[in-house]
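Chain by chain, the residues run as shown.
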Amino acid sequence: GAGVSQSPRYKVAKRGQDVALRCDPISGHVSLFWYQQALGQGPEFLTYFQNEAQLDKSGLPSDRFFAERPEGSVSTLKIQRTQQEDSAVYLCASSLDRGRSTDTQYFGPGTRLTVL
Amino acid sequence: KQEVTQIPAALSVPEGENLVLNCSFTDSAIYNLQWFRQDPGKGLTSLLLIQSSQREQTSGRLNASLDKSSGRSTLYIAASQPGDSATYLCAVRNQGGKLIFGQGTELSVKP
Chain A
1 GAGVSQSPRY KVAKRGQDVA LRCDPISGHV SLFWYQQALG QGPEFLTYFQ
51 NEAQLDKSGL PSDRFFAERP EGSVSTLKIQ RTQQEDSAVY LCASSLDRGR
101 STDTQYFGPG TRLTVL
Chain B
1 KQEVTQIPAA LSVPEGENLV LNCSFTDSAI YNLQWFRQDP GKGLTSLLLI
51 QSSQREQTSG RLNASLDKSS GRSTLYIAAS QPGDSATYLC AVRNQGGKLI
101 FGQGTELSVK P
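Sequence order for the protein chains is A and B. Here the working numbering is used: the first residue of the first sequence is 1, the next is one more, and so on. Here the working numbering is used: the first residue of the second sequence is 1, the next is one more, and so on.
Just so you know, these hints were derived from the structure itself, not from any lab. Hints may contain errors.
[As the list claims (entries may be wrong)] Straight-line distance between alpha carbons at most 35 angstroms, and here's what the computed DSBU-like set of lysine-lysine pairs gives:
id	chain 1	residue 1	chain 2	residue 2
1	B	LYS110	A	LYS57
2	A	LYS14	B	LYS42
3	B	LYS68	B	LYS1
4	A	LYS78	B	LYS42
5	B	LYS42	B	LYS1
6	B	LYS68	A	LYS11
7	A	LYS11	A	LYS57
8	B	LYS42	A	LYS11
9	A	LYS78	B	LYS1
10	A	LYS57	B	LYS1
11	A	LYS78	A	LYS11
12	A	LYS14	A	LYS78
13	B	LYS110	B	LYS42
14	B	LYS110	A	LYS11
15	A	LYS57	B	LYS68
[Claimed, not checked] Examples of chain A residues toward chain B, derived with CB under 8 angstroms:
id	residue
16	PHE45
17	ASP56
18	LEU91
19	THR104
20	PRO109
21	GLY110
Don't be surprised by glycine CBs; every beta carbon is placed ideally from N, CA and C.
Kindly produce the complete structure, drawing on both the sequences and the hints.
Now the structure itself:
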């Protein structure tokens, strides 16, 4: 069965460019999460969707970051006017979210963003 | 605010050794705790998930324990192999759903 997929796997952007990162969750998964992982660090939460509703965006570092999931499936993380400090791996995860404490998040391979 | 810390940051052991990775968290009101493995350039693979009401979980050579009252979890790896070399991440989930990760322990098992 297909897992979580992300595209592109690698993205190089010039400072000031806009980028869009895509996440395809596992089919039928209600919840979708975005995390940012800097080199040598653990992932840090960015935002969370339940179906198409963005329930938590407290981790987005600035108003240059925007995420959407318009039909409750595929999600896009957009970063406007990229800065060097945005360079990181962006991870997407999805879960069934049945409200049980056994629900686990399944992670995609990530998109490595390098801003020059 | 929940904070998760992992010790040590890096560990190198000879093949065959048993080893323990440590994770501590500041807020004991967790929903569950997970241990993940991350290989270079790859995403995260879930190894073990311990519910807040549980004390331990086992899978093959891996055993994870949870002591909520002291805010600690350990991942025990028996008879380590070179294929176990990876970064191991501990993450706690609070009621809201998001995971809060530690910085990870980079494990190297030498043949």
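### Message
Does A:LYS57 sit within 35 angstroms of B:LYS110, going by the straight-line distance between their CA atoms?
### Response
Roughly 42 angstroms between the alpha carbons, so the hint for B:LYS110 and A:LYS57 is violated.
### Query
Is B:LYS110 close enough to B:LYS42, meaning Cα to Cα at most 35 angstroms?
holds (21 angstroms)
### Task
Grab the minimum C-beta distance from A:ASP56 to chain B and call the hint holds if it beats 8 angstroms, violated otherwise.
Holds - the Cβ of A:ASP56 comes within 8 angstroms of chain B, reaching about 6 angstroms at its closest.
### Message
So, as I understand it, the hint says A:LEU91 touches chain B; can you test that by seeing if any CB pair is closer than 8 angstroms?
### Response
holds (6 angstroms)
### Query
Per the CB criterion, is A:PRO109 less than 8 angstroms away from chain B?
holds (4 angstroms)
### Query
When you check the alpha-carbon spacing of B:LYS68 and A:LYS11, does it fall within 35 angstroms?
Between B:LYS68 and A:LYS11 the Cα gap is close to 40 angstroms, so the pair fails against 35 angstroms, i.e. violated.
### Message
Run the distance test for A:LYS78 versus B:LYS1: straight-line Cα separation, threshold 35 angstroms.
### Response
Roughly 27 angstroms separates the two Cα atoms, so the pair holds.
### Query
Regarding the pair B:LYS42 and B:LYS1, is the alpha-carbon distance no greater than 35 angstroms?
Status holds; Cα separation ~29 angstroms.
### Task
Would you check the hint for A:LYS14 and B:LYS42, treating anything up to 35 angstroms between C-alpha atoms as holding?
Within the cut-off at roughly 24 angstroms; holds.
### Proposed proximity, B:LYS68 with A:LYS57 (alpha carbon, max 35 angstroms)
Holds: A:LYS57 and B:LYS68 sit about 28 angstroms apart, inside 35 angstroms.
### Cut-off 8 angstroms, beta-carbon criterion: hint that A:GLY110 touches chain B
holds (5 angstroms)
### Task
Compare the distance between the alpha carbons of B:LYS42 and A:LYS11 with 35 angstroms, and conclude whether the hinted pair is satisfied.
Given that 35 angstroms is the threshold and the Cα spacing comes to 15 angstroms, the pair holds.
The structure fails to meet hints 1, 6 from the earlier list, while all remaining hints are met.
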